Amino acid sequence: MNPATLLRSQRIFRALLRVLPFDFQTNYGHEMEGVFHEQEREIRERGGPMDFLKLWGETIAGIFRTAPSEHWEILKQDLAYGLRMMRKNVGFTVIGVLTLGLGIGANTAIFSVVHAVLLRPLPYPEGDRLVFIRQQAQKLGISDIAFSVHEIEDYRGQNQSLSGLVEYHTMSFILYGHGDPDRIRTAVVSANYFDLFKVQPLLGRAFLAEDDKLGAPAVLILSYEYWKNKFGADPGIVGKTFELNDRVHTVVGVLPPVPQYPVESDVYMPTSACPFRSGKAFIDNRDARLMRAFGRLKPGVTLSQARADLATIAGRLKSEYPKSYPDNMGYAAVSSPLQEELTHGARPTLLVLLAAAVFVLLIACANVANLTLARMSRRERELAVRTALGAGRSRLLRQLLTESFLMALVGGALGLVLAYSSLELLTEFAARLTPRAREINIDASVLGFTLLAALGTSIIFGTISAVFTRANLSSSLKEGSTGAGAGQSKNRVRSALIVSQVAFSFMLLIGAGLMLRSLIKMLRVDAGFVPQRVLAMRTTISFSKYAKQEQLVEVIKKILDRVQAEPGVISAAMSSSYPLDSETISVGPNSGSFKIQGRELAPGEAPPVGSYSLISPAYFRTLGIPLKEGREFTEADGGKGRIVAMINEAMKRRFWPNEDPIGRSISYDDGATWATIVGIAGDVREFGLDRPALPEIYIPHAQIAAPSTLSARTIADPRTMGEAIVRAVHEVDAQIAVTHVVTLEQARAESTTSPRVTASLLGIFGGLALVIAAAGIGGIMALAVSQRVREIGIRIALGAQPSKILGMILGQGLLLAALGVGIGLAGALAVTGLVKSLLFDVTPTDPVTFLGVALALVAAAILASYLPARRAAAIDPIEALRTE
Amino acid sequence: MSHHRETGHEEEQHPLTTAMFHVLLTLANEEMHGYAILKEVEKRTAGKVRLSAGTLYGIIKRLNGEGWIVESRKRPVAGLDDERRRYYGLTELGRRVAVAEARRLEELLETARSKKLFAKPEPA
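So the protein sequences, as listed, match chains A and B. FYI, in my numbering the residues of the first sequence are 1 to 884. FYI, in my numbering the residues of the second sequence are 885 to 1008.
Chain A on its own, in the form it takes in the complex (with noise of 0.2 Å):
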């Protein structure tokens, strides 16, 4: 054999024993490279090929059978030494495993959400190919329009790069026979609708296309939840008959639990089961749009040529309809993936949330490491001498790990814990930002995470203690216990962490302190009108039975008249809606563009744009919202007498800015018909209390259609008024149904969940942070004391006032808080940015909540010193002297 393969056979045979434990390779390896060379001489001696080939087969079969249980030795060692150590120092074991507990449970808690809402794939298969589809007039700044049965079947029978297309409306329909009438949300769609997602239902079947003809015998799919909620989840409701408004509908399947977007629904129905959907005169009008698309990318389709596909239809409908598309518009078809349309209104705050988790982390590994590293000191005699009698620096080093490790995965098993326990809050939480919320769940992903964080947590801290206390050990058995240089160096490191971890407080508490300034904000916001004493409930009349306008006119006469001549109510009207409803805000503005008469627009010039209610007379004295011009609806307003509208002020600003309104007509049906501004109201936030009023319509009810909800100022307390308002519209009509009955102070207060939540959570995590880097504080500022016993006492021994020695103390803690603070104010600056689309009315660099974090953070700096402080002040040198 030549040399050089010598040579690299010895090599590989080293590179082989770094299999083994460290250790072992020290004992061992050299005996072990010895043996081997002599098994490899002799058969180089009297051996051929195949008995080189047997060697190393042997060989690397006998190391890897030995590495395994020399390892596990170890292991088993370190466990049982760390657990021994666990318990002989309870309080570091408490604290350890609490502050590593709440970090690694913050963290699972919030990537079980972000994981099941923005990692996990759609839970439909091949969900990643199905897209959202949305009409937009670009130029008037409608990014959604629902489209017409022309519409729908236009771009299903022309696209080349769907699969499928299916529509989608929503409607109200009445259930009698299980109790009051109940208002079932109901979702109408196309047949084939499941199919396209590729959902197959959990119970009996899908829609067919025979469900979907005219006149097909009715029937409806429940969704999972309404069946589980409702009925219980009776196995044997397929086959069992609903009564809805005037027709019995059988159920022939119930939904899996999936999605649903936009909005939940209880039941789906094939369009045949829409009366308006079906109806000739609608179906014939291109410009009767009500139903939203979903589509099937076909395979090997990309996005961006299903984009180009959609727009080339557009463009084909523009110049064959131009006055269904004029120029003005500036129509377009777009599509978007549905994961996205499911996420995006999650995805800002879930992603601050996470950030702000991992934060409260790594400060949990930096007081971790600090109390490791203090109690090292301790053991460092005890380390010292195990190097000394021969324990390799890196079997310490991995013992510490081993020590680490088993302190994070406790840790890990309370977070765990800790986060399970929160789950249903957060999942309650996430429904307001994304329909997926219902698939949030701890699942092996999610236990794989915790352990991955509890094993990168013990490694981060484990290592800077077993580094820093590493690079000590040597001195330490020269030194004594006390020793200085050590010691210093090792400050150094402590005060290292504890600035980290003001830094990330910071950090921290801006994230909260913005979040709650804007919070605060938010809450004063005049939302234009007095939501205090009024209850609002949603009224579904059968539009069945009421088949006819005036039918529905007199109807909810009958209903007003009745409520409001109930005791204890001031004054009842109805309207499409009111403000802030969860339902509005979820489902948007009613936008639709308008001519003002006497004004020609330019030639592609946008008409104006405005958004719509429908209201009864006594709309806006019932809920407060101020008349600033003109008059209010009459009785007489509407139906057989005067068209007329209303305007806000928002509308009066952006379309008459130095006229008077009142007296001009406007059209909303492309000059048919032309209605006389008769006054202003002020503006009222009607979709959140951070968006400010869009210009706004209202419309007598009696003029176009059926409102939807009932609202009442009471004298007292509204809440004990909803039995009796409901009896009284029951004694009009007890098909009526009446559900979702709030008081609009709850419907506000429920408007801001999702921001005080989330400055809620923002601000527990910076809590928490601002009491670990204060306790981290004064923990250091103790042992900096109890090591300077004697210099003090020097100093005290040589005149120093006791003021100057606290003041010298308490400079040293605030310099910590000083330096974090101004590291911190670097990295807030640096991401902010992150939660400036979450924040109201507040810069995302707003100097109040710097000025006012960083104060906290030097007052609880100072707190935290004042009492290792007060003890070196108190310091007796002669005591001082004599004990050193």
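Calculated directly from the structure, the hints in this document are not laboratory data. Being a predicted model, the structure only gives us computed values, none of them experimental. Please note: incorrect hints may appear among the correct ones.
To be verified - Beta-carbon label-pair distances, calculated as ranges:
| hint | chain 1 | residue 1 | chain 2 | residue 2 | range |
| --- | --- | --- | --- | --- | --- |
| 1 | B | G949 | A | N89 | 27 to 33 Å |
| 2 | B | A986 | A | V385 | 40 to 46 Å |
| 3 | B | A1003 | A | W72 | 40 to 46 Å |
| 4 | A | L389 | B | R957 | 15 to 21 Å |
| 5 | B | G949 | A | I878 | 53 to 59 Å |
| 6 | B | E976 | A | V385 | 26 to 32 Å |
Heads up, the beta-carbon is just placed ideally off N, CA and C, and yes, glycines get one too.
Dock chain B against chain A, hints included.
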């Protein structure tokens, strides 16, 4: 909480693997270095028990840890020796363990004999 303490001889608590027993036997009469042990075991068992560097030193570490063998301080004359080599010898405890194991095997063998296990099966 009550503590249950196992009683009995150390020899009985640690079952020996065949390979371990072979190493003990090899060191019964003289001190040897690793490679010699490996060769000797292989020769004596006619290649039926083959140790490699990894398995051998795993065994040596265990036997050493149990106090059954010990590293010898005596070394052969310088010059004849490879520096990397260490020599191992049986301790008194190790000898007792080996004897106990041999007895155990002997008893087993006796039992097998008394059951006429080695007798040729009767032709059918």
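Hint-by-hint comparison with the structure:
Range check, B/G949 to A/N89: Cβ separation about 29 Å, and the 27 to 33 Å hint holds. Between B/A986 and A/V385 the beta carbon distance is about 42 Å. The supplied range of 40 to 46 Å therefore holds. Restraint check, B/A1003 to A/W72: a C-beta distance of roughly 45 Å satisfies the suggested window 40 to 46 Å. One distance hint, 15 to 21 Å for the beta-carbon pair A/L389 and B/R957, holds here, with the actual separation near 20 Å.
Against the hinted window of 53 to 59 Å, the Cβ-Cβ separation of B/G949 and A/I878 comes to about 55 Å, which satisfies the hint. Taking the beta carbon of each, B/E976 and A/V385 are about 30 Å apart, inside 26 to 32 Å as hinted.
Hint compliance for this structure: every hint is met.
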